[in-house]
Each structure stands twice: as structure tokens, then as C-alpha cells.
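Undergrad: As a plain string of letters, each chain reads:
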Amino acid sequence: MNALEVEHLSVDLGGRTVLVDAALVVPEGSLTAVVGGNGAGKTTLLRGALGLVAARGSARLFGEEVARLSPRRRAERVGYLAQERRVAWGMTARRIAALGAVTQPPRRADALGDAALARVGSADLAHRSVFDMSGGERARVLLARLLATGAPLLVLDEPAAGLDPDAQLATLELLRDEARAGRAVVVTLHDLTLAARFCTRVVVLDKGRVVADDAPVRALSPEVLRSAFALEGGWADTPAGPVLAAQRSRTNG
Amino acid sequence: MRWVLLVGLLVVALAAGVLLGEAPLTAEQYRQALNDPASAPGEIVWSIRLPRSIAAAVVGAALGLAGAVMQGLLRNPLADPGVLGVSAGSGLFAAVAVAAGAGAAAGAVEAAALLGALVSGAIVTAVAARLREPEALILFGVALSAFAGALTALVFNLSPSPITTAEVLAWLMGSVEARSMTDVAWALAPMLVGAALSAYAARALLVLTLGEETAALSGLPMARMRAAAVAGASLLTGAAVALAGVIGFVGLAAPHLVRGVWKDDPAATLWPSALAGAVLLVLADLASRLIPAEQPLRLGVVTALVGAPIFALIAWRAARSWRG
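So the sequences go chain by chain: A and B.
In terms of the numbering used here, the first sequence opens at residue 1263 and continues consecutively.
In terms of the numbering used here, the second sequence opens at residue 5 and continues consecutively.
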């Protein structure tokens, strides 16, 4: 079954159409990357698909229009990790992780939060305040909060941003494992090599339009790299997977 | 342990509020008060000091809770009913009621104060739905507060009699002097509704810690909970103003005092903030009675004198943490 089906989705922000007639299909058991330059509409696509911004068109979560789902039923289907990692209060990691299951009874929520903290390798941080953590540690705790939702569809906006290489790989490996275990996962990424290495599918956005939607290396063809990213180059096969070898187009200015 | 300590502090503060006052009593008089409540010392202790201290505790608890709710809702340690204009709106309505001669009708000014808080609370809610950034909402609250203050000044300006002016001023400076248990009971009803709404909204405050979008997808009915939080905080504030006039900074300081002990959790700090607010205001009322002055010090003046520097301190710390 498809976890997410987006059709003809358009979003206007500030009098400008920032997402134009977008389509996106995310089957269960897949890890899909949404890529594109800054301002291409990646975050808007996710927000529109999840009903976080007013949008025209259709977005279905497991077959049901997102706009018709109650907050509770929507949260049962999808968990979302926002790009914004600001935490307002210096709560402990344990408390933050348990927020993923905030609609559950407290003891169950704590258990789910603890299990998720262990899953991301942060059980040792359980009683530390997020204010006393490094950016990477905080990102792991927020990832644990997402896993604690137990939702069959996970949507992550820039989960790799600001992380060191090891943490980026660890995050993507974890998401790939979640997808292999049957969850549907959607991420936005700036690192195209990470996208090609870990994702089953890549959707490329350019100026609010989907310009490619295919297996990673096919979606990120030299033509798409040139038109959507202003890059000249292509993919090199390495033992670790495909690696992007590219330089800026001369027309880049 | 932390609960025992906080409740213990409140009991000690209340005991001090009943035992100490402008008129010092001898041990013999205390004994008399205990044995015969109708005696003169008994009157002082049971009919003047006790209701007044309880009124201070109730008002402090309401303001402390309202402050904790608003800080959680706006994810900002500087939010409180005063900062957001709810207190000023409440004071304005009370002032208009006094100027219109409603002071003669029992409960009319109090009802106006409650209504004023609800109206300004509704305005803040309506604006909050459009201004998602907490900082923007606080600036709006400052503007709302200033406008309500300007209208209150206009009431002064146009008021024909100095008696009205004095009466309005008394509302704006806040006091629990000469309050009866009946007054307290009337204010308690809307406060309990406000507390229930706050309890309902507690989990919304928790998930808002991670931002609006995460909260929106948390599975909680955020629109309803957010409305409950604002309505609850407005009821608490309005009832507090109805009972004691405008008293600032308790809603700001109380959550600040307990936050560290309750690990920064915006839901867990709600009730400790109420207790801390009660302790603060009972002590402030006691201070207003014990500090020798030509005129009795007004409670709102005492809290403002202590609270404004605390506000500056919190702002200073918050600004540093934002920078870092």
C-alpha cells in the first residue's frame, strides 16, 4: 500500500505559487529523498502533503485525504521531524523522546521514548537537559522522538543538516533499516551522494515543480543536475556506492 | 520532597500572614483570639488577616498558574498576563465600570474586570492564530497593554470627580485589603474553571516545546487546547483582577522560580507555579503591611517594585541564551 500519495498539489505563499502541481508517491518499505536547491519547494511539498499549510490538490495518507483526518488519526499515520531543531525548554532527553507518544498514557509514552532513545544510541543522555547537549546529540534525541511515534510513515525535513559525516551516515542507515522493516520514509536532503547511496527513490524539485522522480542515479541524470542544480558532472561507482563528481556550471555566474 | 517544601512554604507564609500585621498582638491576645474569635484580637486575626492572606494566596496562585500557561503556550519565559495585555485589559474594563458608576452595584466592577480579561484574551488568541512567532505575539501584547493603558488614562482624564479617580487608581494598584471570604469564594469559581482548562491544555504546552509544526502533528487537538489555554489563563487573570485589582509580575516570577526544580517541563511546572505564586503574594501582602509608611503600601506596588527588576534579570538571561 502507498503510505503517501500526493497529486496535483499546489501551494501559494505570500502571493507566490511555491509548489506547482506536484506529485509524490511513497510506498511502504521505501526510503524516498526529496532533493532540490534552496527554495525549490522541498519543505513546502512536505508541509502541503501533511496538511501543515493550505494547499490545492490531493494528499492522501494510507488512502485517506489528509485534510479529512482528525489530528489523532493523522498522527497515527505519520510522524514528522521538522527542520527547526530549536527546543524551547531545557527538558531531559527522556521527556523529549516520550513526546513522540504524547497521546498515550504517560507510562507507555515513557517506555516508547526510552526504547527510541536506545535505538538511536542515546540511552546515556536520558537524564541530560537538551540545553546541555551538542547539536548532534540534540538531533539524535529529536530523531528518537520521531521514532517513538511508532507511525508507519516517517517524514524528515533535513535530518542530516548540521551533522558530522559519521552522524549523517548513522542517521541514513537507521532510516534505511526502518524502511527495510516496512515503514515508509521520506527525507529532504541536500547531500545528493547520501540520497543516491541510501534512498530507493529520488524526487527532484526545481522552482516548485517535480522535474524527476526515479531511482536515484537515473533521477539525478546529468541533464537534471544541470537544470535543477546548475552542476556539470555525473556519478562515479565506488565500493561504497555511487558518488557525485560535479562542478558548478559555467553559466552559474 | 519538592512538593512538600513548596506546600510547607505556603503554610509558613500563610501562618505569618495571620500572625503578623500592622497591629502587633501580645501572646495573651493571641490566646484570646484562639479561644474567642469574637473578641477584638479574634476579629483582627480571623476576620481581617486570615481572609486577606487567603485572598493573597488565591490571587497569587491564579496569577502564577496563568503565567506558567502563557509561558508554555508562547515558549517564552517573559510571557505573563501583564506582558500580553490581559491584565491591562481587565484593569481598563474595571476602570470604565467604576467611572460609569457601576461601583454601587455589588459585583459589577468585578464582572467588568473578568470580562475585560476575557476580551483581551480573545484578542490575543485571534492574533496568536496569525502571528505564530512567540516574539511577535509578545510585541503585540506590549502594544495591547499600552493601548489599554492609554484608554485607562483617558478614563482618568475625562473622569469628573476625584473620587472616581481615586477608586480607579485603587483598582490599578491592586490590594487584598478588607477582602472577605465571600469575595474569595466568588473569585474562586472562575479560577477553578481556568485551572481545569489549564490542566486540559497541559500536554499542548509540552509538545509546543518542539515548535508549532511538531505540535500540529503530535496527535493532540492543538486548536482546541490552545484556545483552552488562552481562555484558562484569561479566566485566572480576570478573576484575580476582580478580587485584588491589577497585580503584576507574579505570573512572570512564579514559573521562573520553580522551573529549575521541575526540570524545565512546561506541563509539570503548572501547579508548582501556582503554589509559588501563592507564596509570593502572601509574602508581598505581608510586606505591604509590615513596612512602615505614612499610607498603607498597595500590594500591586510592592509586587511591581520587586517584580520589575526580576523581569529585567530574566530578560537579560534569556537574551544571553538566545545569543549563545
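It is worth saying that the hints were derived from the structure and are not from the lab.
Don't take each hint at face value.
[Claimed, not checked] One-sided excerpt, in silico: chain A residues whose CB lies under 7 Å from chain B:
#1 Leu1314
#2 Ala1316
#3 Phe1324
#4 Arg1334
#5 Ala1344
#6 Gln1366
#7 Pro1367
Note that this is a predicted model, so its numbers are computed, not measured.
Every residue, glycine too, gets a C-beta built ideally from N, C-alpha and C.
Undergrad: Against this structure, judge whether each hint is valid.
TA: Status of the hints after comparison with the structure:
1. Leu1314: holds, 6 Å
2. Ala1316: violated, 13 Å
3. Phe1324: violated, 15 Å
4. Arg1334: With Cβ-Cβ at 5 Å, under 7 Å, it holds.
5. Ala1344: holds, 5 Å
6. Gln1366: violated, 9 Å
7. Pro1367: Result: violated, 12 Å to nearest chain B Cβ.
The structure fails hints 2, 3, 6 and 7 (numbered hints given earlier, in ascending order).
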